[in-house]
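Fit chains Z, E and A to the given chain B structure using the hints.
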Amino acid sequence: MSNTEHPSAPPMTFAERHASQIRQVRLYAHMFRGSFSSMLGLALVIAFLFLAAFGPWIVPYPEDTLGAVHMGSRLLPPSAEHWFGTDEMGADIFSRVIVGARTSLWIGIVITGLGALVGVPLGIIAGYKGGWVRACIMRVTELFLAVPGLALALAIVASLGPGLTNCMVALAIVWWPGYVRLVEAKTLAVKEELFVESARSIGARTPWILWHHILPNCLSPIIVKMSMDMGMAILAAAGLGFIGLGAPPPAPEWGAMVSVARSYMPDWWWYSFFPGAAIFLTVLGFNLLGDGLRDILDPRSHTR
Amino acid sequence: MSDTLLDIDGYSLDIATFDGPLHVLKDINLTVRRGDTLGIVGESGSGKTVLVRSVMGIGPKNSDVKAGTITFDGQDITRLSDKGWAKIRGVRISMIFQDPMTYLNPLFSIGRQISDVIAAHERAAGEGVSPKSARRHRTEELLDQVGLPNPADLFDQYPHQLSGGMRQRVLIAMALAGKPDLLIADEPTTALDVTVQAQVLDLIKSLVKKLNLTVVMISHDIGAIATIASRCAVMYKGEIVEQGETNDILGNPQHDYTRQLLAAVPDIEAKPARLMAAEAASEAPSKPTKLLEGMNLRKVYKTRAGGEFTAVNDISLAVNTGEIFGVVGESGSGKSTLARMLLRLVDPTAGDIIFEGQNISGIAGEPLRKIRQHMQFVFQNPHSALNGRHTIGDAIGEPLRIQRTMNRRDINARTEALLDIVQLPRNFKYRYPHELSGGQKQRVCIARAIALNPRLLILDEPTSALDISVQAQVLDFLQEVRKELNLTYVFISHDLAVIRQICDRTIVMKRGDIVEQGDTEQIFLHPAEDYTKALIESGRVTSRAANMRA
Amino acid sequence: MLSFTLRKLLTVAGTMLGIAVLTFVITNIAPGDPARLVAGPNATEDMVETIRSEYGLDRPIVEQFVIYMKDLMTGDFGTSIVSTRPVLDELLRYAPATIELVLVAMLLGIVVGVPLGMLSAVYKDGPIDHVTRILSISGVALPAFWFGILMQLYFSVELGWLPVSGRLPLVARPPDMVTGSLLIDSLISGNFKTFNSALSYIILPAIVLSFPCLASILRVNRAEMIEVLQSDYIVAARAHGISSRRIVAIYALKNALLPTLAMIGLRFGWMLGSTVLVETVFDWPGIGLYAVSSALASDFKPVIGVTLLIGFLFIIANTLVDLAYAWIDPRLRRA
Amino acid sequence: MFSSIRNIALAGLVASTALVAPAHAFERTDEGNVIVFGGRQAIPVLDPHIRYDWSTRMIQQGVYDALVKYEGDPAEVKPWLAESWETSEDGMTWTFHLVKNAKFHNGDPVTAEAVRYSFERGLKLNKGVAWMLKDFLAPEGITAVDDYTVKFDLKAPYAPFLSFLPWWFVVNPEQVKANEVDGDYGQKWLTDHEAGSGPFTLGRWEPNVLYEVTSVEDYWKGWPQGENRPAGVIYRMIREPAAQKAALQRGEADIVEGLTSDDYVQIAKVPNIVIEDHKGMTTFGIKFNTQKGPTADINLRKAIAYAMDYDAMVAIYNGAASLETSPLPDAMKGHIEVEGMPRQDLEKAKEYLAKSDYPEGGLTLDYVHVAGLEEARRIGLVLLDNLKALNIEVNIRPEQWPNMVAAGADVETTPNMTSIYATPISTDPDAVAYQYHKNSWGQYYGIAHYDNPEVSKMIDEARAATDWDTRANLYARIQKQIVADQPEVFGMLQNRRWARQDYLQGFTFSPVRFTGEVDLYPLWIKED
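Protein chains in written order, with numbering that gives the first Met the number 0: chain B, 0 to 303; chain Z, 0 to 549; chain E, 0 to 334; chain A, 0 to 527.
For reference, chain B alone in the conformation it holds in the complex (with noise of 0.2 Å):
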């Protein structure tokens, strides 16, 4: 085979230099499009985070949101004045609801958040450096798994007192364990691609694969649990509200409009179904958008 000469090629487009990524992008919207439960789950996140976004200048009657009472209003059933009815201080039950989506967003931040940031980071170090700081790393994070972060949680609110913020901490004590195991299982396979081995062979250091070989190569299912753990966050948050840990009134959350409402079952069912299918709604949301990312982000990889 000859030595072909290439003629300086014109400038290329955008489009044209960016071809395979555009290709990539349609594929993924063609497959998400292609399931009815990840649009679903889109569909909901959305919604979810309009209301977060919005909620305050939406609901019909914002100072409910902030603890105005009407004793004249109490309990009512839903109507066309108040969609999910009133609760026990008479406010509007639908606007709590709404609102209450922004504290929940900032639930689920904050924890994902938290715990991706520890997690990820002595994940990558542990999967890739092995020996001792592997054997440390994992033990620890093998301690916080082996109980269940619910019960965890809940004794480390119990001694730093109820809270949101309280909370928040608490769970992010026990969420970074499962993003430890995560990227150190998927770091360790990585390692081994051919790859790494060639970064290493031209001399590059350390930080410099992790940043641009490992973490890369983790980011999917990172991507997909931070998804899936928005949801699951939230329903850990909204549990220990319904113990009675959670955010102090009269902020709208819903786990803690759960613990107050299920007194009032059963003929005040609306006052615990509407925060009970918010928390639903949106925990589902995100699971389905975290399943139909892992479709197309990350194939093979299944379990949870």
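Derived by calculation from the structure, the hints in this document are not laboratory data. Any given hint could be a false lead.
Said to hold, decoys possible - Just so you have them, the derived chain A footprint on chain B, three or more residues with Cβ under 8 Å:
(1) 67-78
(2) 105-119
(3) 158-169
(4) 258-267
C-beta atoms are modelled at their ideal positions from N, C-alpha and C, and glycine is treated no differently.
Coordinates of chains Z, E and A only, in the frame set by chain B:
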């Protein structure tokens, strides 16, 4: 009863993908008569596997038969229902698969798997299932038939306890369990070591004779086809470009592709071009200087069970500047570990590595990083040696960004220059690895390796993951690059024909030890060890077949 | 084998010790004062002090830690300040109820989850698959407490089919304690009436507890089945003429069961954690309820005890899963 | 499913009850009827000298007897083990004459020695009830004069002495001593055993599940309901109000105590269910930190007190509460209606605010309540809403009880406002008045850290005075002064409520009992 057992007539098949339908099979016409042995030759992506699987009714998902029919023993099986298949698949047509590890269920014993197949056949034949003991007896008979020792013990063993060759024999036994009319063999030897390949081929050959089987075998290995098949078809991009008697096709290829394919197979008997050139020049070689030396290298791995496994056992070697140094051995011989030790990608358990007079076995950190720019590695599998998330441009530029302080524009310019050197279009720098063919990817890997102007390149089976026709191109190209950049190569391969063509000196490895070493031509012409002889012999089969016309 | 067992035991002991340290530290992050709670609202400072010194709460935290660890080595889990009883006694009293509940829920999850997962894998992308997929994800997303309340409302209050909460009707004398599981004990003593009523009491909490577990078992089993059904050896089995039913029910299932087992182990621990919520809703007198009421009273010895017990049960479950793994997978069997 | 839930709501409880409620709900055993009491609070320790919360005391009152017993509304001290008693002139010596026929469950007679031992035990253990008497009575001060006479020599005159005695139960020294371990006064044993002489003995004891008492056939004092005496009472743990309600409707419980106020209103409409609704003695106040922070400013305290919507407080209880008219509950001796008790008046509130250091408001105050106390939480919400008018923000903080008390023990860490429910242990006014004594600092009821030397002095005087008129006069002045100083927002007295089946007879109410506590002795089931 018609003499024609299998008739494929004008068969075309599409597979639906995101980018539109893929025409995998185009107008295939094939006829197999009873007692025929048909070979189908083709490289990866030629559609040969899809074709034979369609015959079995286990074709790929989302496939769509566009035209044509497949007729088996007078019955149209193109679009058969599952119920219809139950009477044919495994009973009248059975199959030997490529990779014996993945095609045996790891959780069930050998005996169980075979006797289940026997039971299925009995059920299909409507005879009623024979008792367990009878099936066991029949299973042991089959195992014995495929040349496996101690069938009684084997019955209760699990796939992971067997070697690759034994597993392939088990698969063959399974395929024979139902006394099929037609046996399809899908690359039955590809996943095996060369020495084992020959044995398995011999077994198939003898079984064909003994049981008077009708066989369709597909392979990319012309040697294997030539051994088994009396008739042969050549597939290329979903089409059969040529078919006929095997001897005719190999001896007198009509189609361009067939000719190319045959030409690409290195001729193990041919005297290497370089020697002829050297003789012609009759240049007295200058006194060799040692570029790289390995002294008493040893690598011991700890196994999970707590034992030790010696991958490389006390090996010493010296590579002279400017030469191509060959390392030959089968899988598990420790050649890859040795190569990685030379580059300090794997730390030796004992021994020293001396590069340009400097002992690099003890250094670490920055000095090691610096020394690495002088010695580079080209990996066996270009598909996984490139990070799928980086563009080609990033991949080639990476060594420059790591080892040099160059600005973005200079790196870009150098990347383009390197693409020129490896004869790839410049706009490839925006592409991602998965968009490139195997040969292109290997070129990218080479570009990456030479980006830093190294003095030494270690090539770990650089062509074994590639199709034959591509192999030849890459090999040629490697020689060119070497000349141009004045490189020293350590070339690792299991393929003696390749080694003979390009290597000056060679070592032969077996289970971590050097069994033979010296001048390549010397080793080849006068092998001292049986192991070397066996290696050479197995190479000859293919080589002879491909070079029949010569 | 002996050294293997020994190593395993050492690891378990190490983990337990780690959990003990972890929970002790966690529960002492902020100083609660359980002594004041049990002393009663009107107690004077010196009365609170009496209780504090009786339980060693007046000592420096490090000293308390050392004492606790020493006691732990001798199998003494400390004393609950609220009930004044040894934590170990209380754990033994409450654990059977929880274990019974979790096991029944687990059984439910497996018995329903595995076949459903198989079905939806075989009929992938069919209507069954869509339904189970939504079901499986909803199962994970359902807040157990809310779902529990809805179930109570519907099945107990509206339909009146099942009891609201508790473990046994009031006048029913519990059978002689053998295993602590009412279901098993009543069967042993041949008391089918008690068995029936115990069953009616356990159904709702078990369903609520098992739902997420069922969902994830279903999900893993489906995904594994899909992958296994595409694997080479299944292709080979089909090519060798083995019937589809046999392939799915025997060949593929066994392979798919391995990751499902891992999930079962994982979910077992998760369910133990969830008992905290479910037992609260259903007034199930187990360790979850015990942990919640103790935590709310800042009575931390029981909280540590429950955490240790749950950790221990979790480890046992995982060991069983490992054993089952080895039993199923010949590659893991030791020579 | 959802529509079904709606159906329940629409059709109301009547329909669903009719569906599920069996005709007879109480449990029948061979021995007779067993009454089922559904309650939320466990009984971890039964020992009468160690714990005395409501659920514990309900069972204690069942299995033990004391020298005297509270009965009736208003509560009166009735002779029980003691048939009569007298005090010395100086109020230092009390002599009790025991009935002769009382005997413990094991047959031992109840003697003066048993009484002496029981009091000594309570004082020496220094737990539970000890605080009531320990400042005035030493173990040595108790003497068994003869088998049926016991004498108490107090360290100082203490007028409320008698009012505490109903809570000092008498244990059988023989049984206790027999079960003593390491000189623990039988504490371990008495945790789940009894050594009493009361109308009931212990039956099944399954902690956190149910606690059963069975009636003593030959109880020495006899049974007021005679032949209708129940076979026993089961106190069953039902933690969720919804589950309690369901249990009541399904007939799994005969009486429950923990419904929400809305539930009581709702369930009252159900046939065959009767609501017991009685004025209680538990005061609710929002106690200010009077020493530290913004609330040290009396004008701010007054402003808040006038901004509070008192009607909403009552509305939270669906009317089952009455506003405090004095720091002392209405049912207490010496109670007066203090004039000028603040009621919502925004004008006045703003006046006071203008006089305070925060004329424009603009501050945030903490409001702490015990986590899980629903009404306290809701009152917090009302407060939050009301104080918006004064431009004051409220930060509602639920806390665990021990943490709240621990923080409130010190002026520095005491929150601005803490909601406190206080149930006086006796009917003597001292039980409440003393909460405003400086000596109460550090106790939960002293969380306001109220310090008015004059008030403290009057309280001391009233305690020592033996003459009721003198005391009444002093208490009147005390009440007025406290209201003037506004150490707290005086809230309301919540009604005590139970829901019971109509066939449950013999329910008697006495305000001095704790929330939820019922005298089991006279209960019986009327069968058709």
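Status of the hints after comparison with the structure:
Here the region 67-78 of chain B counts 6 residues with a CB under 8 Å from a CB of chain A, which clears the bar of 3, and the coverage holds. A stretch counts as covered by a chain when three or more of its residues have a beta carbon under 8 Å from one of that chain; for the region 105-119 of chain B and chain A the count is 0, and the coverage is violated. Counting residues of the region 158-169 of chain B whose beta carbon lies closer than 8 Å to any beta carbon of chain A gives 3, which meets the minimum of three for the stated coverage. By the rule of at least three residues with a Cβ nearer than 8 Å to a Cβ of chain A, the coverage given for the region 258-267 of chain B holds, with 8 such residues.
Checked against the numbered hints listed earlier, the structure breaks hint 2 alone; every other hint is satisfied.
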